[in-house]
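Number of protein chains: 2
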Amino acid sequence: MPNRSVFFVSDGTGITAETFGNSILAQFTAKPRRVRRPFIDTEDKARQVVAEINQVADQEGKPPIVFITLVNEDIRDVVTNTACRGMVLDMFRTFVEPLEREFGIKSNHRVGRFSDAAKSQEYDDRIEAINFSLAHDDGQSSRNLELADVILVGVSRSGKTPTSLYLAMQHGIKAANYPLIPEDFERNKLPSALAPFKAKCFGLSIDPGRLAQIRNERRPGSKYAALENCRYEVNEAETMMRREGIGWLSSTHKSIEEIATTILRDIRPDRLIY
Amino acid sequence: MPNRSVFFVSDGTGITAETFGNSILAQFTAKPRRVRRPFIDTEDKARQVVAEINQVADQEGKPPIVFITLVNEDIRDVVTNTACRGMVLDMFRTFVEPLEREFGIKSNHRVGRFSDAAKSQEYDDRIEAINFSLAHDDGQSSRNLELADVILVGVSRSGKTPTSLYLAMQHGIKAANYPLIPEDFERNKLPSALAPFKAKCFGLSIDPGRLAQIRNERRPGSKYAALENCRYEVNEAETMMRREGIGWLSSTHKSIEEIATTILRDIRPDRLIY
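Chains C and Y, in that order, give the protein sequences. With my numbering applied, the first sequence covers 1 to 274. With my numbering applied, the second sequence covers 1 to 274.
Chain C extracted, bound-state conformation (with noise of 0.2 angstroms):
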């Protein structure tokens, strides 16, 4: 799909519409040029962001894809009116008013579901989460591991601080992480701090080949990064996770998303229930 855009216009911060529009346009090969305009909370903005589309629309001689997530009547009926020449898929009025009829209430027309975030104690424990993430990160501290819901393991530069981050951030998990060293190969046990905690970690490998990679642009040449210790480590780490019943996955060909929707499937099924 060259030569046509896709907008997300929004009264919040637009990541629902961009979110949801995005793995609609996943089932198509092209990858359009993508335009978020969060904040569209009144009427003037509104026109603002049509008189951008109709001008995209000349240009690309198409009407650009317009994905809407507008709860304010007024300003939705700016973007849908016949005026916007762009194709616009409103996607609060297909599903809220169904949803009105078998609920047998009307929706409350609150705009941005982030907006009162804030305030609630769900939010508060992801920013706990987040710093109890940040304060074990690596191996940083075995202290309050008793805390943790999660203990991400395996080698340098597997993908535990990135998950370990995304698991605070997204699902407020208290996500440790800790590295498995060649002296832990040595000794031919886990660390032992990890011990009493074994049922909740969980590990992460990685291909030698991208693991040497990856170690070789932050140190070229080392021996760190050299393919054959990687290939030494991951095998030494994979043996001791089967050896100590630690579940693992391969990180090498997973999202971020993926891995933590996997950790929290093993590990914590409670978790996708709230």
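If you are wondering where the hints come from, they were derived from the structure by calculation, not from laboratory data. Since the model is a prediction, treat every value here as computed from it, not as a measurement. Be aware that one or more of the hints could be misleading.
A pair counts as met if it fits within one copy or between any two copies, since identical chains are not told apart.
Listed next, the in silico BS3-like pairs over lysine-lysine satisfying Cα-Cα at most 25 angstroms (straight line) [as the list claims (entries may be wrong)]:
| id | residue 1 | residue 2 |
| --- | --- | --- |
| 1 | K200 | K31 |
| 2 | K189 | K223 |
| 3 | K106 | K31 |
| 4 | K106 | K62 |
| 5 | K189 | K200 |
| 6 | K198 | K106 |
| 7 | K31 | K62 |
| 8 | K31 | K223 |
| 9 | K189 | K45 |
| 10 | K62 | K45 |
| 11 | K62 | K223 |
With the hints as your guide, set chain Y onto chain C.
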């Protein structure tokens, strides 16, 4: 909506179904029980989920709401056929088909929009941004500040760290953050490391009462946490940001998502287009 469950069923992580479903549900007052069922990628797994949905329907005496993002039609049929006693909202079918007509091409029925992510440049940039933001958290390093996309400034505990990590993780933005401390207020100038980079600085402020509350959780009864001291620091920081022409907002009633989107809009509007 007590006694009403909502399911998010997906062949991938379920994040899209959940994000979208929750934004729809935010339009209604009460909070239903929510269940995410990821990686439903065989008809067998789909049948298990349908059994779970039907059991809940019996318990609650009402059809559960079921948001689905299922690409494979055979699997989808298991959930959408009449044996499933949930109210199914099929997000893909609703929007993919009109787009196929508009684009004049068939969708590729690709499962899991995150699956290919792990191999992309965009994904590598995101991991690099997370590493950068971690290395530049809380003014830890002034090295390579010229590589930062954004530098957040503000008093201790004003929300800089979670915002930086969110910007990195969700947007691949290299976000450093730098505390404003009493010494800066005494000298009455910005930390000197920041002087060349004022254009990419963005300030976070916070209500002094809320700040005192947060700091008291960390260091109860300290001068650091005292309301009077918080008032002083916040006032000095706001005065400094105003004088230096640094844009800022109050994080008190805003979620991380709202803060991050505002920063992008104000400092890096180019990153809202991709």
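These are the hints, each one checked on the structure:
In this assembly of identical chains, the alpha carbons of K200 and K31 never lie at most 25 angstroms apart, being 40 angstroms within a copy and 29 angstroms across copies at closest. In the homo-oligomer, the alpha carbons of K189 and K223 lie at most 25 angstroms apart inside one protomer (23 angstroms), although the nearest pairing across protomers, at 45 angstroms, exceeds that limit. Proximity of K106 and K31 under a CA criterion of 25 angstroms is satisfied inter-copy only: 15 angstroms between copies versus 38 angstroms inside one chain copy. Proximity of K106 to K62 under the C-alpha cut-off of 25 angstroms is restricted to the inter-copy arrangement: shortest distance 18 angstroms between copies versus 37 angstroms within a copy.
For the identical chains of this complex, K189 and K200 are intra-copy neighbours only, at 17 angstroms inside a copy versus 47 angstroms across copies, given an alpha-carbon limit of 25 angstroms. Taking the shortest alpha-carbon separations for K198 and K106, neither the intra-copy value of 48 angstroms nor the inter-copy value of 48 angstroms comes in at or below 25 angstroms. Proximity of K31 to K62 under the C-alpha cut-off of 25 angstroms is restricted to the intra-copy arrangement: shortest distance 16 angstroms within a copy versus 41 angstroms between copies. For a Cα distance limit of 25 angstroms, the shortest separation of K31 from K223 qualifies neither inside one copy, at 40 angstroms, nor across copies, at 54 angstroms.
Proximity of K189 and K45 under a CA criterion of 25 angstroms is satisfied in neither setting, with 61 angstroms inside one chain copy and 37 angstroms between copies. Proximity of K62 and K45 under a CA criterion of 25 angstroms is satisfied intra-copy only: 23 angstroms inside one chain copy versus 41 angstroms between copies. For the identical chains of this complex, K62 and K223 are neighbours neither inside a copy (55 angstroms) nor across copies (62 angstroms), given an alpha-carbon limit of 25 angstroms.
Consistency with the previously given hints fails for numbers 1, 6, 8, 9 and 11, ordered from lowest to highest.
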